[in-house]
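Asker: Protein chains in written order, with UniProt numbering: chain Y, 1 to 277; chain W, 1 to 277; chain B, 1 to 277; chain U, 1 to 277.
It cannot be assumed that every hint is accurate.
Note that the list lumps identical chains together, so a pair holds whenever it fits in one copy or between two copies.
Below, computed lysine-lysine pairings styled on DSS-like, alpha-carbon distance capped at 27 Å [said to hold, decoys possible]:
hint, residue 1, residue 2
1, Lys116, Lys130
2, Lys56, Lys201
3, Lys95, Lys268
4, Lys95, Lys271
5, Lys253, Lys201
6, Lys146, Lys180
7, Lys117, Lys18
8, Lys95, Lys116
Worth flagging that the hints you see were computed from the coordinates, not collected in a lab.
Protein chains: 4
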Amino acid sequence: MELWFTEHHNDSIGYSLKVNRTLNSENTQYQKLDVIESEFYGRVLILDGILQTTEKDEFVYHEMIVHVPLFTHKNPKSVLIVGGGDGGAVKEILKHDSVERVVLAEIDDRVVENSKKYLPTISCGLYDEKVEIMIGDGIKYVSEHKNEFDVVIVDSTDPIGPAVGLFTEDFYRSVYECLKEDGIIVAQTESPFIYGSLINKLSKMFKNIYPIVKPYICTIPTYPGHLWTFTMGSKKYDPEAVDVNNIPNIDTKYYTPQLHKASFVLPKFVKEIFEEA
Amino acid sequence: MELWFTEHHNDSIGYSLKVNRTLNSENTQYQKLDVIESEFYGRVLILDGILQTTEKDEFVYHEMIVHVPLFTHKNPKSVLIVGGGDGGAVKEILKHDSVERVVLAEIDDRVVENSKKYLPTISCGLYDEKVEIMIGDGIKYVSEHKNEFDVVIVDSTDPIGPAVGLFTEDFYRSVYECLKEDGIIVAQTESPFIYGSLINKLSKMFKNIYPIVKPYICTIPTYPGHLWTFTMGSKKYDPEAVDVNNIPNIDTKYYTPQLHKASFVLPKFVKEIFEEA
Amino acid sequence: MELWFTEHHNDSIGYSLKVNRTLNSENTQYQKLDVIESEFYGRVLILDGILQTTEKDEFVYHEMIVHVPLFTHKNPKSVLIVGGGDGGAVKEILKHDSVERVVLAEIDDRVVENSKKYLPTISCGLYDEKVEIMIGDGIKYVSEHKNEFDVVIVDSTDPIGPAVGLFTEDFYRSVYECLKEDGIIVAQTESPFIYGSLINKLSKMFKNIYPIVKPYICTIPTYPGHLWTFTMGSKKYDPEAVDVNNIPNIDTKYYTPQLHKASFVLPKFVKEIFEEA
Amino acid sequence: MELWFTEHHNDSIGYSLKVNRTLNSENTQYQKLDVIESEFYGRVLILDGILQTTEKDEFVYHEMIVHVPLFTHKNPKSVLIVGGGDGGAVKEILKHDSVERVVLAEIDDRVVENSKKYLPTISCGLYDEKVEIMIGDGIKYVSEHKNEFDVVIVDSTDPIGPAVGLFTEDFYRSVYECLKEDGIIVAQTESPFIYGSLINKLSKMFKNIYPIVKPYICTIPTYPGHLWTFTMGSKKYDPEAVDVNNIPNIDTKYYTPQLHKASFVLPKFVKEIFEEA
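Chain Y on its own, in the form it takes in the complex (with noise of 0.2 Å):
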């Protein structure tokens, strides 16, 4: 059967994946939540029609989200995902021995049943015992935490819908209160062949708050414009001086010491998109 499932990458662009079936569809209270099952990606897990992650790729976004900060970190114990219900930013952190303590602050509890439930592969870390999963908002909660997180990572949907207050100066401002004195924040930021215009707002904003703000890359075959960008924002460590002999080995598919810093080296046009903000 010719089932395929098409996001729209833009009003130009359509990305299609083969699926063998669906698993689950429901209106949840915040969004319309799909689970397929797709030929070549495994599992996909979609939120109002968009890809947010699968089993076979996931590992990029993961552990680029999380590896890159946690090691820039000396010593993070305690770490803050305001999205992230799939659990796979978790899964990463509890490869971290440092860590004694993660929130996971998720909006929508659907996001974080239908994982444990359709993806186990994604959603192991979520039963951690280390692990608190705070359902309900995000902004809320960075603004009721002070100076009490090491490191918290920005893992949302795209700018639309739910997760528009996330890309905003005023949230930005917020988690540099709840983060301690040396704490660093890591949010996805989009594709720079897709949403240039953004990335360059957003660079703005967090320099207007951080004292070191760096962006850094990956390729994701499943997400719109496929070089994906995070940005940190550091109040103390340069994720650049880190020196890569001093990181662990721990078990990854993309993340190494070496293409931490790597990932810093910027293609051109992405360079001056950044640096004219």
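Here the structure of chain Y is known, so what remains is to put chains W, B and U in place on it, guided by the hints.
Answerer: Relative to chain Y, chains W, B and U alone:
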């Protein structure tokens, strides 16, 4: 009008571009050739149904296939391109002042003519007096020229159809003879997300012939898998030993001297594909 | 090259034709106009993204919208077509020896010109000396001509955009005045599988004006819903009372005298839509 | 979520339905079987990627394949269906009071079971005590039963895969033996817009065997070509000689006594396909 060009990256992945119009469609002696005007990526050259290059993102591929080997070589004077009839690689090579001669060995003159007519920003270098356009079999050309080129660039289509012979150990050995004693070959070697086993196989062939073999990567939004590999075989120069401070400034949109080095730092799963070879 | 034109018949149904090339794309004063060459149905005229006519199946629509009313009328001499700028209806009308004058009231001269240039087998009748091409508002034309035509054919696009005014009771009443005392109107009235409520509504309007109102059907493979309706309003002649033995032989591919009568026999659910009006 | 089922009616035509979810996907002994819930046409049974029946438009096909032969026969008591495991034809047959016995010879019991589970409005008749469900080879069943049925209905899939044997002169001859002396066969015989040459070929076979051979038509929105043909072979009764006033009233949505006769009036090009046979 909803007019879409779709390329199936494999049986399970479709990639579609909205099309404003077709500019040309013809059956050449070797392949079906189409030129379309896409809404987002501008004009697109398509051979046998497969996207070859677009006005908007060609810079990634052409800069990376050219500047990495040419800045690895101390003093490249003569460069041979096998394939590459669109002229994109020629355009980038001509940015190197040391180059005195560029030979383009393209089997299909209709690729050259269509690029001249419909893709002027890509083909512009084809008129340069340093450029010799040799319409014919690149394999034969290579076999008849010994010890003649500083750099050979294999700018081929996918390893199906007319380009099959360009993915063989015999051909890479023949290129070895065609290169001078400090020569360098670079070939496009597809995406590890789609063609992992091919990369492994080609890597083995290169290692059987060249003392220095190093793959490097970039991100191409319109190519299957999007994380793209090139494989460099070098008789003498190590591309990672280049002194980036000595690389002169040229006009680029993707390549930078820093990225030259960073592009050799591979994601772990890609590194393993190459190391297992 | 996989190049496909897709029309969405509604939000949930897509109909796609493989395309060899685009022949023309332009924005006229009234609409977006495209002419493509499809692989199966030959050349296709598209207005605002909606398929209007194809070389291969135009005969169904044009024969049925013309021959049924013209053979219902005893002696049609003057025929007005509102819309129909492609010329397909004109071509069929000219097969009737009794006809002395055909007026084509088409709002968009670019439809006429494109059909002349790209669809010669459809537009061939437009050059006939009996044909007056009146570029302008068909509604205005109708309102300014009283008691003048034997048959009026409303060969319109869908009831969105420029054609909205052609689906109103005011217009059908104006046509009544435009017709002679034994005149006949036929309008294309969409498919009951997609537009059941529209058919009901239009049927009511016709019944408010014409003493004899009868819908009839045919099957058009490239139109939404595929089971197509026309609605005839007649001042005097009953289309089902025609003596089929008196219908002269003309060159057709769909229409036959027997089919003339059979086309008024409706599937039950279609009959009910009309009878409930 | 943009999830679409696409069937290619041939290499150049795609027909797509928006899908809410898959209800089942399995590989039976004979074919790939899927049941999906489409947004517009309700639930859909798909075999080997080809749409078989939908909740919303099944009535057209099933009413026309059943009521035309059963009301042509004066007193049908025993009916054999070859194929038709979804039960749609059974449901219509049971509306005829004269019928005492219905045998369903379906090769794939999974079609029957899936229809019972997922398509209750179509399969509802399968539980009737008059119905014998014979899972096995319909060709063999026919060959082993002589002079036994009043009507045989060949409700097959397309002439590829398991149904190939149902489109042969040997099979139609075997059905002749299986029918009583005044028996009638009806087979679905595809669309003249797509399969003109097949219709011609089958028509020749029928004419070699049955004294009365008449094709008839209907319009099915979800089938390739949409203008659908059935071919009737009759030993004694002429379907067009039926007195429509004697046809009792039954509950239908497409069939009417008047349409019974009108469905034998063919468009000219279809008539020619049959007459040339």
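Asker: Checking each numbered hint in turn, tell me which of them this model violates, lowest number first.
Answerer: none
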